[in-house]
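Asker: Below are the chains, spelled out letter by letter.
There are 2 protein chains.
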Amino acid sequence: MTLYLNLAELLGARIEQGLYRPGQRLPSVRSLSLEHGVSLSTVQQAYRMLEDNGLVAPRPKSGYFVTDHRSLPALPAISRPAQRPVDISQWEQVLELVRSTPQADVIQLGRGMPDVNSPTLKPLLRSLAQISRRQDMPGLYYDNIHGNLALREQIARLMLDSGCRVSPADLVVTTGCHEALSTSIRAVCETGDIVAVDSPSFHGAMQTLKGLGMKALEIPTDPITGISLEALELALEQWPIKLIQITPSCNNPMGYIMPEARKKALLTLAQRYDVAILEDDVYGDLAYTYPRPRTVKSFDEDGRVLLCSSFSKTLAPGLRIGWVAPGRYLERVLHMKYISTGSTSAQPQLAIADFIEAGHYHPHVRRMRSQYQRGREQMIDWVTRYFPPGTRASRPQGGFMLWVELPESFDTLRLNRALLEQGVQIAVGSIFSASGKYRHCLRMNYAARPTPQIEAAVRKVGETALRLLVEEHSPA
Amino acid sequence: MTLYLNLAELLGARIEQGLYRPGQRLPSVRSLSLEHGVSLSTVQQAYRMLEDNGLVAPRPKSGYFVTDHRSLPALPAISRPAQRPVDISQWEQVLELVRSTPQADVIQLGRGMPDVNSPTLKPLLRSLAQISRRQDMPGLYYDNIHGNLALREQIARLMLDSGCRVSPADLVVTTGCHEALSTSIRAVCETGDIVAVDSPSFHGAMQTLKGLGMKALEIPTDPITGISLEALELALEQWPIKLIQITPSCNNPMGYIMPEARKKALLTLAQRYDVAILEDDVYGDLAYTYPRPRTVKSFDEDGRVLLCSSFSKTLAPGLRIGWVAPGRYLERVLHMKYISTGSTSAQPQLAIADFIEAGHYHPHVRRMRSQYQRGREQMIDWVTRYFPPGTRASRPQGGFMLWVELPESFDTLRLNRALLEQGVQIAVGSIFSASGKYRHCLRMNYAARPTPQIEAAVRKVGETALRLLVEEHSPA
Ligand SMILES: Cc1ncc(COP(=O)(O)O)c(C=O)c1O
Ligand SMILES: Cc1ncc(COP(=O)(O)O)c(C=O)c1O
Numbered sequence: 001m002t003l004y005l006n007l008a009e010l011l012g013a014r015i016e017q018g019l020y021r022p023g024q025r026l027p028s029v030r031s032l033s034l035e036h037g038v039s040l041s042t043v044q045q046a047y048r049m050l051e052d053n054g055l056v057a058p059r060p061k062s063g064y065f066v067t068d069h070r071s072l073p074a075l076p077a078i079s080r081p082a083q084r085p086v087d088i089s090q091w092e093q094v095l096e097l098v099r100s101t102p103q104a105d106v107i108q109l110g111r112g113m114p115d116v117n118s119p120t121l122k123p124l125l126r127s128l129a130q131i132s133r134r135q136d137m138p139g140l141y142y143d144n145i146h147g148n149l150a151l152r153e154q155i156a157r158l159m160l161d162s163g164c165r166v167s168p169a170d171l172v173v174t175t176g177c178h179e180a181l182s183t184s185i186r187a188v189c190e191t192g193d194i195v196a197v198d199s200p201s202f203h204g205a206m207q208t209l210k211g212l213g214m215k216a217l218e219i220p221t222d223p224i225t226g227i228s229l230e231a232l233e234l235a236l237e238q239w240p241i242k243l244i245q246i247t248p249s250c251n252n253p254m255g256y257i258m259p260e261a262r263k264k265a266l267l268t269l270a271q272r273y274d275v276a277i278l279e280d281d282v283y284g285d286l287a288y289t290y291p292r293p294r295t296v297k298s299f300d301e302d303g304r305v306l307l308c309s310s311f312s313k314t315l316a317p318g319l320r321i322g323w324v325a326p327g328r329y330l331e332r333v334l335h336m337k338y339i340s341t342g343s344t345s346a347q348p349q350l351a352i353a354d355f356i357e358a359g360h361y362h363p364h365v366r367r368m369r370s371q372y373q374r375g376r377e378q379m380i381d382w383v384t385r386y387f388p389p390g391t392r393a394s395r396p397q398g399g400f401m402l403w404v405e406l407p408e409s410f411d412t413l414r415l416n417r418a419l420l421e422q423g424v425q426i427a428v429g430s431i432f433s434a435s436g437k438y439r440h441c442l443r444m445n446y447a448a449r450p451t452p453q454i455e456a457a458v459r460k461v462g463e464t465a466l467r468l469l470v471e472e473h474s475p476a
Numbered sequence: 001m002t003l004y005l006n007l008a009e010l011l012g013a014r015i016e017q018g019l020y021r022p023g024q025r026l027p028s029v030r031s032l033s034l035e036h037g038v039s040l041s042t043v044q045q046a047y048r049m050l051e052d053n054g055l056v057a058p059r060p061k062s063g064y065f066v067t068d069h070r071s072l073p074a075l076p077a078i079s080r081p082a083q084r085p086v087d088i089s090q091w092e093q094v095l096e097l098v099r100s101t102p103q104a105d106v107i108q109l110g111r112g113m114p115d116v117n118s119p120t121l122k123p124l125l126r127s128l129a130q131i132s133r134r135q136d137m138p139g140l141y142y143d144n145i146h147g148n149l150a151l152r153e154q155i156a157r158l159m160l161d162s163g164c165r166v167s168p169a170d171l172v173v174t175t176g177c178h179e180a181l182s183t184s185i186r187a188v189c190e191t192g193d194i195v196a197v198d199s200p201s202f203h204g205a206m207q208t209l210k211g212l213g214m215k216a217l218e219i220p221t222d223p224i225t226g227i228s229l230e231a232l233e234l235a236l237e238q239w240p241i242k243l244i245q246i247t248p249s250c251n252n253p254m255g256y257i258m259p260e261a262r263k264k265a266l267l268t269l270a271q272r273y274d275v276a277i278l279e280d281d282v283y284g285d286l287a288y289t290y291p292r293p294r295t296v297k298s299f300d301e302d303g304r305v306l307l308c309s310s311f312s313k314t315l316a317p318g319l320r321i322g323w324v325a326p327g328r329y330l331e332r333v334l335h336m337k338y339i340s341t342g343s344t345s346a347q348p349q350l351a352i353a354d355f356i357e358a359g360h361y362h363p364h365v366r367r368m369r370s371q372y373q374r375g376r377e378q379m380i381d382w383v384t385r386y387f388p389p390g391t392r393a394s395r396p397q398g399g400f401m402l403w404v405e406l407p408e409s410f411d412t413l414r415l416n417r418a419l420l421e422q423g424v425q426i427a428v429g430s431i432f433s434a435s436g437k438y439r440h441c442l443r444m445n446y447a448a449r450p451t452p453q454i455e456a457a458v459r460k461v462g463e464t465a466l467r468l469l470v471e472e473h474s475p476a
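Going line by line, the protein sequences match chains A and B. Under my numbering, read the first sequence as residues 1 to 476, first letter to last. Under my numbering, read the second sequence as residues 1 to 476, first letter to last.
Treat the hints with care, since some could be wrong.
[Claimed, not checked] Calculated cross-link-like contacts (lysine-lysine; reagent style DSSO-like; alpha-carbon spacing at most 27 angstroms):
id, chain 1, residue 1, chain 2, residue 2
1, A, Lys460, A, Lys437
2, B, Lys264, B, Lys242
3, B, Lys242, A, Lys210
4, A, Lys264, A, Lys242
5, B, Lys242, B, Lys437
6, B, Lys122, A, Lys122
Simulated from the structure, these hints should not be mistaken for lab results.
Start from the sequences and build out the full structure, keeping to the hints where you can.
Answerer: Structural data, given as structure tokens:
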């Protein structure tokens, strides 16, 4: 699996560096196979990945060509956050986002909501209803603190897809990935400890660090390959870092999948400096490539990786069911889980276990993956069409969020305020930074099937951004 | 409401002090009404409360008499925990308790499980099933961070019963009372802070203090009137206490209801020393007296009381729905709630809101209250019959737990081990203390309707205790 990713990365870099220019023909599959000593199918996989990334396109009978980049927004710049541990701010902005109740008259492009309207989700709702009618009423009792065994068995099976072998006893079911994150962080760190994070980074994880009194050290991150290992190593040398917190597969908000070789290298670094890794894999199963990427956890041999995930993005967030595979921190995580919420609600656990066991999980996720992949194309197309010239955008490899970068001086807080009056809501970039960076960025959700209403909403975002930009540059 | 409680307390104290002896006739309603300048019905209420406490009994046409105490076990002694802040231990014992899954072949007398088999709970199960079938699938979405508005409106209405006027905006819905407790503690305290607790005290709350790195200062507690205000005041003078954590109404594990006058005095103390109060009211609605006791919160004027509760004991714990009324700490609690689990599961919230709104809550709770009150009589009767002579027991005023005290040298950890082989489980006393005191005590649940199996289980506890006691005192 490593080989094709390495090759794709190499070719991608050459294209980005201008070695192959837009419209130019790329080396044939056969010649690359000879040059790199890999199989023909490895090269084909690499090309398919680059195609998914929008970097190359096949033309019938004549091979692969570099796509015309002018038609795609440029990628966001590599982030350059402050290189020292900071206290985390931005709670007010996050609160504004999470306080809002879904409203019929507001198009919420800002929240991390998957599409839950697929018919492939129906069996889950049936299960939920059936459990409420069971004579023995399992949903009314305290569950044991590890979580339901049938569910843990199914989760352990699913984790094989990412190369992970864990047993049900290695897992703790949690109330969403949120609880997986907070119990993990508390299991490893104490107040005042420094945590290295990929930046930009999920606001929930950031606010957890804040709430627990940690300091965040934001590490520069590449929009294609993820956290900069070079910057991370420098940081590990300079600071007493306790934990590295990352979302390496289908990152929120950037959408990249960190290449396997870099995941391994990250683990080696963590071993060398003896720090723990919190790997958030909540979007991992929504990677557009098949098979889904391996987790850092799958390479872990000494139990230093705490893998956190949930069914919030793959099934539905309202179920509030997640899990941790905490490695050597199992006992500590159990204690933190106990004091956080006691046992986890039994009914949704049982329903999800039924759903997976009956074979409904993979067909559902497969369907959503391709819907989201089409959604990405549509969203990038709208951004290209409606956003100010010079707008940059991510090219997500999974999940359902687009990261959009406007000129450095732009203020998306103002944009959001102007949009709310028009019934549109976005996620402002600053909440994805511990120190309030990325004010000129925003994140939009493309999970729902495209409709004229959503197109109109995205258009409003683009046009309002343009209006604000023009105002900004015209004399008062 | 205060008047009759004061009077009952006074009379109760006189009886306990031997001023009125077993079998003796008590003053008439009329003469007490004249003596204390209160109405006849106030005196009657006071007598009814003493009757509920098992201290007096009416005889037709001749008034109230002191009951024959010889037939009831003596009350537990006033606790005398260490008078200095300690780090909390006992996690292993708690883990043993909460790790266990309900098993058909073990009678679990140890857990805090209410009876969920009442027909009055059926409408709740119907609601749960219906919500799973609704077209708009509200159970699948992220709820807002405060919790569902309809539910908060119903909770605010219920809280009127305890004399509390709060608006839905003052409430935060949580994942059980556990989350209410941990978010509240984190909202008020920082690592290393000292928290004063009534002792013995719910193990979950104790372990929360441990997990968050607080120190517990255990305050002596009277089995009838609750936390000793005198000892508390001394502690407040000596130590920089940040928070007082108590369960004053239907205490777990002791079952007392702190008299209203003492609740007020506690609040005055907290004001004087400017500390916050965490009031756990999870059993409050299960008081055997009507109307239910007022909360400390209901007297609070400057927002220093954080009231924590849940539907785990009144309806069913598997729902995992609780709440906090955090007073002036609202913003901090919201932040802690967000990082702990994000939003709370929507489906059980909606079902509970339906259940209360349709008027099912009060009839259900009324029914459970009287079932539990009968359960108390039965359990005390069994303890009197089957336990070693000299056993002491609480006289719970609400809820469904009995606290049993064996001779000082006794070890309930050993008892529990011996019982598990016989398919019976109890809660050992040491988990109710920060420092592992109360090893000679145990807690038993009497929520379920009495059956020969349960009687046999309680008998096994008593007889095994006797056997161990005899072994202990016989030369090896
Ligand atoms: C990266 C990441 N981790 C965790 C979460 C939280 O997931 P859950 O809803 O399961 O708590 C989210 C949701 O937005 C997320 O984007
Ligand atoms: C006093 C007390 N508080 C809180 C709880 C926890 O309640 P929940 O199950 O709602 O988290 C319990 C349950 O045992 C309890 O006895």
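Asker: Please go over all the hints and tell whether each is borne out by the structure.
Answerer: Here's how the hints hold up against the structure:
1. Lys460(A) / Lys437(A): holds, 24 angstroms
2. Lys264(B) / Lys242(B): holds, 19 angstroms
3. Lys242(B) / Lys210(A): holds, 21 angstroms
4. Lys264(A) / Lys242(A): holds, 19 angstroms
5. Lys242(B) / Lys437(B): Holds, because 23 angstroms separates the two Cα atoms, which is no more than 27 angstroms.
6. Lys122(B) / Lys122(A): holds, 25 angstroms
The structure is consistent with each of the numbered hints, conforming to all of them.
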